[in-house]
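For the sequence shown, the working numbering begins at 292 and goes up steadily by one.
Treat the hints as calculated values from the structure; they're not laboratory data.
Even glycine gets a Cβ: it sits at the ideal position worked out from N, Cα and C.
Please note that the accuracy of each hint is not assured.
[To be verified] Computed Cβ-Cβ distance ranges for the label pairs, DEER-style:
hint, residue 1, residue 2, range
1, Ala601, Leu650, 25 to 33 angstroms
2, Ser654, Glu559, 50 to 58 angstroms
3, Ala561, Arg430, 36 to 44 angstroms
4, Thr585, Pro667, 19 to 27 angstroms
5, Leu650, Arg476, 43 to 51 angstroms
6, Asp669, Ala647, 20 to 28 angstroms
7, Asp329, Leu650, 15 to 23 angstroms
8, Asp615, Ile568, 31 to 39 angstroms
[Stated by the list, open to error] Dumping the calculated DSSO-like pairs for lysine-lysine here, alpha-carbon to alpha-carbon at most 27 angstroms:
hint, residue 1, residue 2
9, Lys594, Lys608
10, Lys528, Lys422
11, Lys618, Lys363
12, Lys340, Lys594
13, Lys528, Lys363
14, Lys371, Lys618
15, Lys363, Lys524
16, Lys608, Lys371
17, Lys340, Lys528
18, Lys618, Lys608
19, Lys371, Lys340
20, Lys340, Lys363
21, Lys594, Lys422
22, Lys371, Lys594
23, Lys422, Lys371
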Amino acid sequence: MSDSMRAARARRHRALGFMGWALAGGLSAGASALAGSDYQPLTPTMADKMITLTGRDLTVEQVVDVARYGAKVQLSPEAKERQADNHGLLLEAAAEGVAVYWFNRGAGDQRETVMFSGDPMAPDNRAYLEKTQLREFQRGAVAGYGPEVREEEIVRAMMVVRANAMTHNAPSPQLSQMLIDLLNRRIAPVVQSRGTLGEGDLAQLSNVAATMVGAGEAYYQGTRMAAADALAKAGLKPIKPFAADTNALTSSDAYATGIAALAVNDAERALEWADLIYAMDLNGMNSSITPLSTVVQRERPFKWLNWDAARVLDMIKGSYLFSDDPKRIIQDPESLRASSIRQASAWEEWGALRDAVVLQINSSDHNPAVRTDLKPQDSWELSTPPDDEVLREGRRAQPRQTGLHRIECQLGPLSHGQ
Numbered sequence: 292m293s294d295s296m297r298a299a300r301a302r303r304h305r306a307l308g309f310m311g312w313a314l315a316g317g318l319s320a321g322a323s324a325l326a327g328s329d330y331q332p333l334t335p336t337m338a339d340k341m342i343t344l345t346g347r348d349l350t351v352e353q354v355v356d357v358a359r360y361g362a363k364v365q366l367s368p369e370a371k372e373r374q375a376d377n378h379g380l381l382l383e384a385a386a387e388g389v390a391v392y393w394f395n396r397g398a399g400d401q402r403e404t405v406m407f408s409g410d411p412m413a414p415d416n417r418a419y420l421e422k423t424q425l426r427e428f429q430r431g432a433v434a435g436y437g438p439e440v441r442e443e444e445i446v447r448a449m450m451v452v453r454a455n456a457m458t459h460n461a462p463s464p465q466l467s468q469m470l471i472d473l474l475n476r477r478i479a480p481v482v483q484s485r486g487t488l489g490e491g492d493l494a495q496l497s498n499v500a501a502t503m504v505g506a507g508e509a510y511y512q513g514t515r516m517a518a519a520d521a522l523a524k525a526g527l528k529p530i531k532p533f534a535a536d537t538n539a540l541t542s543s544d545a546y547a548t549g550i551a552a553l554a555v556n557d558a559e560r561a562l563e564w565a566d567l568i569y570a571m572d573l574n575g576m577n578s579s580i581t582p583l584s585t586v587v588q589r590e591r592p593f594k595w596l597n598w599d600a601a602r603v604l605d606m607i608k609g610s611y612l613f614s615d616d617p618k619r620i621i622q623d624p625e626s627l628r629a630s631s632i633r634q635a636s637a638w639e640e641w642g643a644l645r646d647a648v649v650l651q652i653n654s655s656d657h658n659p660a661v662r663t664d665l666k667p668q669d670s671w672e673l674s675t676p677p678d679d680e681v682l683r684e685g686r687r688a689q690p691r692q693t694g695l696h697r698i699e700c701q702l703g704p705l706s707h708g709q
């Protein structure tokens, strides 16, 4: 590219302002300050509330309480034990020579590359892992693309979803605790809104990783500063990531799931208002209530239609609409008499999304999967002869019994070009 072409491109970037710079990856210190000027911190009205994460029963409402109102979190004893068992199994697998994706083997197109051999706790291997993990966490400060996430609640929603689901995976103890601490001390990493790879939000969770080691920038109780300063103000020390911590934290779609949880909550409020407005319209228009009646509803026994009709009917119970009025027309225009059908359809789609989100936030989307509660008798394929002691590409499984019954397998989101 010629000098004149470079100069022309630079002028175009300047003309686009902050957004152009952010997307081009040329965010200056001045633009960084501008990015934080419209940041939306939460109002911590539930800071005294404690929610226990079990990995199995987190609700959308609890995600909202943590994300939007500052509720605190803790892990249940069972969730802590499951994480610890999984972490121990991860180390044991590598020590026994089992190939583990994104640990003693590389990730993506490097999945057949041997990263280290033998016991990860051996001095040379431990030093290698500590060095490489720290480097990867630090690199998280420049992961992703702008614009930055402006809402603290979105970052917190991502973190609480990850903290809950990560109990099914194999994080080191310090990684798990730091994620809890960031939430409870109200440290929100600066997170880029773009950069998701495939089905995994690696970039956004890498931004969180950077804060954990004091790299990059973060918000401490709504004020932007260096991540190292945020940790210090909160009384926290940077962690020393180990083993497969980069994988344990980032191999997830918690960013998208957190946003979905907030959307499910807000959609429910919107639909509640829509039903209330419908009830007010019926009253204001001296409408016929027959489309909502039991007689009509039993003719069309659709679950959500019947539910919404009964809901609106209950709202207008006691209204003058239930008395005789010779001026009332026999049938309202379609915009009123079919409202319950349209709104029931919206409620039905909302219910499907809610169920999917609740399932997602209480299960693992991690790659690879680690389970300590399975044994060969649990399913026929777990007892089949192995090819090379590890499931590759989701095709083959090797059940093993060395202390803990286990199966190492590579499942979850195909987020690294497998």
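Each hint tested on the structure:
1. Ala601 <-> Leu650: 25 to 33 angstroms: Taking Cβ atoms as reference, Ala601 and Leu650 lie about 27 angstroms apart, which means the hint holds.
2. Ser654 <-> Glu559: 50 to 58 angstroms: violated, 22 angstroms
3. Ala561 <-> Arg430: 36 to 44 angstroms: With Cβ atoms ~40 angstroms apart, the hint holds.
4. Thr585 <-> Pro667: 19 to 27 angstroms: Check failed, 55 angstroms falls outside 19 to 27 angstroms.
5. Leu650 <-> Arg476: 43 to 51 angstroms: 30 angstroms Cβ-Cβ, so the 43 to 51 angstroms window is violated.
6. Asp669 <-> Ala647: 20 to 28 angstroms: holds, 26 angstroms
7. Asp329 <-> Leu650: 15 to 23 angstroms: violated, 34 angstroms
8. Asp615 <-> Ile568: 31 to 39 angstroms: violated, 26 angstroms
9. Lys594 <-> Lys608: holds, 21 angstroms
10. Lys528 <-> Lys422: Roughly 18 angstroms between the alpha carbons, so the hint for Lys528 and Lys422 holds.
11. Lys618 <-> Lys363: violated, 57 angstroms
12. Lys340 <-> Lys594: violated, 35 angstroms
13. Lys528 <-> Lys363: holds, 19 angstroms
14. Lys371 <-> Lys618: Not OK: Lys371 and Lys618 at ~67 angstroms, beyond 27 angstroms, violated.
15. Lys363 <-> Lys524: holds, 18 angstroms
16. Lys608 <-> Lys371: violated, 50 angstroms
17. Lys340 <-> Lys528: Holds, at roughly 25 angstroms.
18. Lys618 <-> Lys608: holds, 20 angstroms
19. Lys371 <-> Lys340: Holds - the C-alpha atoms of Lys340 and Lys371 are around 20 angstroms apart, at most 27 angstroms.
20. Lys340 <-> Lys363: holds, 6 angstroms
21. Lys594 <-> Lys422: Roughly 57 angstroms separates the two Cα atoms, so the pair is violated.
22. Lys371 <-> Lys594: Violated - the C-alpha atoms of Lys594 and Lys371 are around 40 angstroms apart, more than 27 angstroms.
23. Lys422 <-> Lys371: The hint holds at about 26 angstroms.
This entry does not satisfy hints 2, 4, 5, 7, 8, 11, 12, 14, 16, 21 and 22, going by the numbered hints stated previously.
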